[in-house]
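Chain A is fixed; fit chains B and C onto it per the hints.
Protein chains in written order, with the numbering used here: chain A, 181 to 517; chain B, 222 to 492; chain C, 3 to 307.
What the hints contain is simulated information worked out from the structure, not anything from laboratory work.
Hints are supplied without guarantee of correctness; some may be wrong.
[Said to hold, decoys possible] Ranges of calculated distance between the beta carbons of each label pair, as one might list FRET restraints:
1. Thr348/A <-> Val222/C: 47 to 53 Å
2. Leu492/B <-> Glu288/A: 28 to 34 Å
3. Arg499/A <-> Glu444/B: 27 to 33 Å
4. Lys292/B <-> Met299/C: 38 to 44 Å
5. Asn133/C <-> Gln515/A: 48 to 54 Å
6. Glu444/B <-> Val222/C: 46 to 52 Å
Remember, predicted model here, so these are calculated numbers, not experimental data.
Each residue gets a CB set at the ideal place from its N, CA and C atoms; glycine is no exception.
Residues per chain, in single letters:
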Amino acid sequence: MYTIDKKHFKKFVENLMNSYAVMGPVKNVSFSSFEKISSAQDIDLDFCNTPILIKDLFLPRNEVIFKFKEKNKLLEFEIPAEKEKRLLLGVRPCDMQALLLLDKVYSENPEDEYFLTKRKNTIIVGMACLNPDPYCFCTSFGIGPSTSTGFDLFLTDIGDKYFVEVLTDKGKEILNFGLFKKSTKDDEKLKLEISEKLKNKITKTANTKDIEKKLEKMFNDPYWSELSQKCVSCSLCSFLCPTCYCFDVVDESSLFGNYGERIRCWDSCQRKEFQRMALDHNPRAEKTNRVKQRFYHKFDYFAKKYGVLACTGCGRCLRHCPVDLSIPDVINEVQKK
Amino acid sequence: MKNPYVPQPATIKEVKKETSDVVTLKFSLDSGNLNYKPGQFLEVSVFGVGEAPISIASTPNQKEMELSVKKVGSVTSELHKLSVGDKIWIRGPYGNGFPIEKLRGKDVIFVGGGIGLPPLRSLINYMLNNRKDFGKLYILYGARTPVDLVFRDELEVWRTGKNVEVHLTVDKAVEGWTGHVGVVPNLLKKIKPDIKKTYAVICGPEIMIKFTVKALLEMGFPENQIIFTLERMMKCGIGKCGRCNIGSKYVCIDGPVFSYDEIKKEQEFRL
Amino acid sequence: MDKQDELRKKARGLLESKKVEQIIGYAKGSNSTRTTPKFVSDKNKTEELVWNSFCTNNLTSYLKGIKNKTAIVVKGCDSRALVEMLKAKQVERENLCIIGVCCDGIVDSGKLFQKIKFDPNRDEVKEDIENLFIHKNKISKKDVLLDKCLFCEYKIPVIFDTLIGKETKERIKDEFLDVKEIEKMSAEGKKKFWKGQFEKCIGCFACRNVCPICYCEKCVLESRDPELVSSDENDRWLFHLVRAYHTTGRCVDCGECERVCPVRIPLRKLYRKLQKDVKEVFGYSAGVDPEEKNVLMDFKIDEEP
Numbered sequence: 181m182y183t184i185d186k187k188h189f190k191k192f193v194e195n196l197m198n199s200y201a202v203m204g205p206v207k208n209v210s211f212s213s214f215e216k217i218s219s220a221q222d223i224d225l226d227f228c229n230t231p232i233l234i235k236d237l238f239l240p241r242n243e244v245i246f247k248f249k250e251k252n253k254l255l256e257f258e259i260p261a262e263k264e265k266r267l268l269l270g271v272r273p274c275d276m277q278a279l280l281l282l283d284k285v286y287s288e289n290p291e292d293e294y295f296l297t298k299r300k301n302t303i304i305v306g307m308a309c310l311n312p313d314p315y316c317f318c319t320s321f322g323i324g325p326s327t328s329t330g331f332d333l334f335l336t337d338i339g340d341k342y343f344v345e346v347l348t349d350k351g352k353e354i355l356n357f358g359l360f361k362k363s364t365k366d367d368e369k370l371k372l373e374i375s376e377k378l379k380n381k382i383t384k385t386a387n388t389k390d391i392e393k394k395l396e397k398m399f400n401d402p403y404w405s406e407l408s409q410k411c412v413s414c415s416l417c418s419f420l421c422p423t424c425y426c427f428d429v430v431d432e433s434s435l436f437g438n439y440g441e442r443i444r445c446w447d448s449c450q451r452k453e454f455q456r457m458a459l460d461h462n463p464r465a466e467k468t469n470r471v472k473q474r475f476y477h478k479f480d481y482f483a484k485k486y487g488v489l490a491c492t493g494c495g496r497c498l499r500h501c502p503v504d505l506s507i508p509d510v511i512n513e514v515q516k517k
Numbered sequence: 222m223k224n225p226y227v228p229q230p231a232t233i234k235e236v237k238k239e240t241s242d243v244v245t246l247k248f249s250l251d252s253g254n255l256n257y258k259p260g261q262f263l264e265v266s267v268f269g270v271g272e273a274p275i276s277i278a279s280t281p282n283q284k285e286m287e288l289s290v291k292k293v294g295s296v297t298s299e300l301h302k303l304s305v306g307d308k309i310w311i312r313g314p315y316g317n318g319f320p321i322e323k324l325r326g327k328d329v330i331f332v333g334g335g336i337g338l339p340p341l342r343s344l345i346n347y348m349l350n351n352r353k354d355f356g357k358l359y360i361l362y363g364a365r366t367p368v369d370l371v372f373r374d375e376l377e378v379w380r381t382g383k384n385v386e387v388h389l390t391v392d393k394a395v396e397g398w399t400g401h402v403g404v405v406p407n408l409l410k411k412i413k414p415d416i417k418k419t420y421a422v423i424c425g426p427e428i429m430i431k432f433t434v435k436a437l438l439e440m441g442f443p444e445n446q447i448i449f450t451l452e453r454m455m456k457c458g459i460g461k462c463g464r465c466n467i468g469s470k471y472v473c474i475d476g477p478v479f480s481y482d483e484i485k486k487e488q489e490f491r492l
Numbered sequence: 003m004d005k006q007d008e009l010r011k012k013a014r015g016l017l018e019s020k021k022v023e024q025i026i027g028y029a030k031g032s033n034s035t036r037t038t039p040k041f042v043s044d045k046n047k048t049e050e051l052v053w054n055s056f057c058t059n060n061l062t063s064y065l066k067g068i069k070n071k072t073a074i075v076v077k078g079c080d081s082r083a084l085v086e087m088l089k090a091k092q093v094e095r096e097n098l099c100i101i102g103v104c105c106d107g108i109v110d111s112g113k114l115f116q117k118i119k120f121d122p123n124r125d126e127v128k129e130d131i132e133n134l135f136i137h138k139n140k141i142s143k144k145d146v147l148l149d150k151c152l153f154c155e156y157k158i159p160v161i162f163d164t165l166i167g168k169e170t171k172e173r174i175k176d177e178f179l180d181v182k183e184i185e186k187m188s189a190e191g192k193k194k195f196w197k198g199q200f201e202k203c204i205g206c207f208a209c210r211n212v213c214p215i216c217y218c219e220k221c222v223l224e225s226r227d228p229e230l231v232s233s234d235e236n237d238r239w240l241f242h243l244v245r246a247y248h249t250t251g252r253c254v255d256c257g258e259c260e261r262v263c264p265v266r267i268p269l270r271k272l273y274r275k276l277q278k279d280v281k282e283v284f285g286y287s288a289g290v291d292p293e294e295k296n297v298l299m300d301f302k303i304d305e306e307p
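Extracted from the complex, chain A is given alone in its bound form (with noise of 0.2 Å):
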């Protein structure tokens, strides 16, 4: 473990910059976004996070899978190379873990190239959350803000310098950019303290403790039908979420059809046209249905499937619900029934 002052933070950010395409938060007017930086300057780490997923780095909102061109009468594909090496700095707890739900789901056979080429040519440099709002619940996860989980490398800032955890080989690379010193044993206590500070600032929480078993028994329980009530469906829960996968498929093409590309996007269980089928037989036609689709997969399905709660607790969902549907609530009350 090490750390680096905080007057070299700059100098550090610059070197990596020489190699690597850096992309950290910068500020919008109102909120920041992760974004490539053309100076160190630009990086602002004053937020709790972002609004824009980081998953879109990784499975945009708008994936162009291949092209297709007709010439002398055969079809010629050309599939988009993933050839940037990218480094992204600043990157929540939260949203690491989410990407680790989504390492999951891609790389199972058939592997997505598309998504984990990406992953495998981009560095992660966590930060720790100094500010988490009203909204978060990452510690109803058994995770908290500094929790360095799944990073390359993981910076905690204790003062005057960020304490450095080296996770991976690729994070071990890293140190050869900046002046980093051996840790001591103070920086270490300091730094267990401010965690352990950092996880009492979360104030919302969820009881997840066999939420599945629970969730299994009240599949026809009228809870479901009075909560979707105030739901409007308009689907942004599912595209600020950082554990949210669902994609289309979508031909695009010139007029005549030979030339054009298949293109895959962002798409949500929460949309009433998601699983119409020809012929207009649409098994989640009722609100309900999809509302509680979003709670059944991410607390009961994906968890059989694969071990774990779709959840992170990054509290987007909550933050920007129009009618303030909130998951940790929802589950509150669903372990009271």
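Same frame as chain A, now just chains B and C:
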């Protein structure tokens, strides 16, 4: 890594018009062969329009593959315009296929409705090609009207098979039809299976499947001896896009073939 | 009796007398700065209804196609949306019992968090007519109101069957200053401004889904079944500009679109530009009189072209 999203080309060898809105395409891959099982499906591409999942209607030992396509949307409409020599683009085979091992030595009741017959045909022909491995076959099939019945010729050939019973029905009779009139599940009343050693395999509109399952349960069929294929809207076909799920099961990888005792566990599935 | 008590009493009475089958109002939300839409059909549950400075939602969007007798709680801005829905026959007047509430303005929780450090998961927010009280601090409401409430000309709902509270403040005339600021820009400046905004758009369609007057069953912007694809930046412009024009003359500036936008695009500036134009050209504001015909859907025989 082989990219599972990129289709491969095949060439159409024969186009057979089955009914006014169903066409059977016979084709072979431009390179290589597909190892598939009865009950699996292919994702068929029409570039610029999209993809559609279509069950394989041919049997693995056949030289060429066959798909029966019903015209219900934009992709299938384009597929209906194909002729001999045209290219067809496919991905697959996907899905779990029928549990043939479970059916060895058993009698099998096939219950098909409308466009549900093609995937059953794949299994029926497989069984007829390996006749001694399977017991009595009952083929119960129906469609809305006589002209909507697919594989008419083949049904008559099956009828002549050893230890095979074929019963047909239509929802609405027309002049000249002397056969049974009524919904497909009613055909169950015409047969006397030995339930202890019989499995039922059902394919067709979901509502027909549900009524058939209910009738079979009433007859005393155990839940694990009732097998059917389910459909959901699909996009990737490989369990990544999250669309075709019924509870925790994905129709594209855990299905499309399910046994009733298995899918019953998904509370989202209700008879 | 304060407005909340009055509201609960009224609601209970309506359910007891079976005048309505359900009431759509607000209930306590996930923290002390939030309320959430509430559907009450049990007269013993009317105590769950609340009225406070956090009753942000425009509940009228739930009325689309409603068939049973419903009572709905509306603020001034919401009532204007309701007028437009009635004009468009999205809901039958006979099915409604409109509970109008005189509103002193809704608090912007973002502004509140900037002004005072507190934990809405643990700390209560109390209020009186002028102020909020958190811990021992007193915060003047007018310092933390939503932008749209700073220039509200409709503090009393324009349509109601029963009114809760009474107007306590004067109206401040809306001078469309936010729109004028952009009008002053050059064409290049305007393009740059909006480009910067639309670039942020993630195409979630939330602004359209919460809008009470976006009631098309099949939205033209989703007509390519489904068209959530926009690898082309121009599609973002297209979506917002088409929606702005489709709602011209009907948008009542309830502000829900801007409130729900996760990337904080100042959508009201766009929609209010069209409202300003309609006001200047036709002397018309939407959502005021249910008998008035929509200015862009009507013409006079003797009108000059």
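Each hint, compared with the structure:
1. Thr348/A <-> Val222/C: 47 to 53 Å: 49 Å, holds
2. Leu492/B <-> Glu288/A: 28 to 34 Å: Check passed, 31 Å falls within 28 to 34 Å.
3. Arg499/A <-> Glu444/B: 27 to 33 Å: 45 Å, violated
4. Lys292/B <-> Met299/C: 38 to 44 Å: 40 Å, holds
5. Asn133/C <-> Gln515/A: 48 to 54 Å: 37 Å, violated
6. Glu444/B <-> Val222/C: 46 to 52 Å: 47 Å, holds
The structure does not agree with the numbered hints 3, 5 stated previously, though it agrees with the rest.
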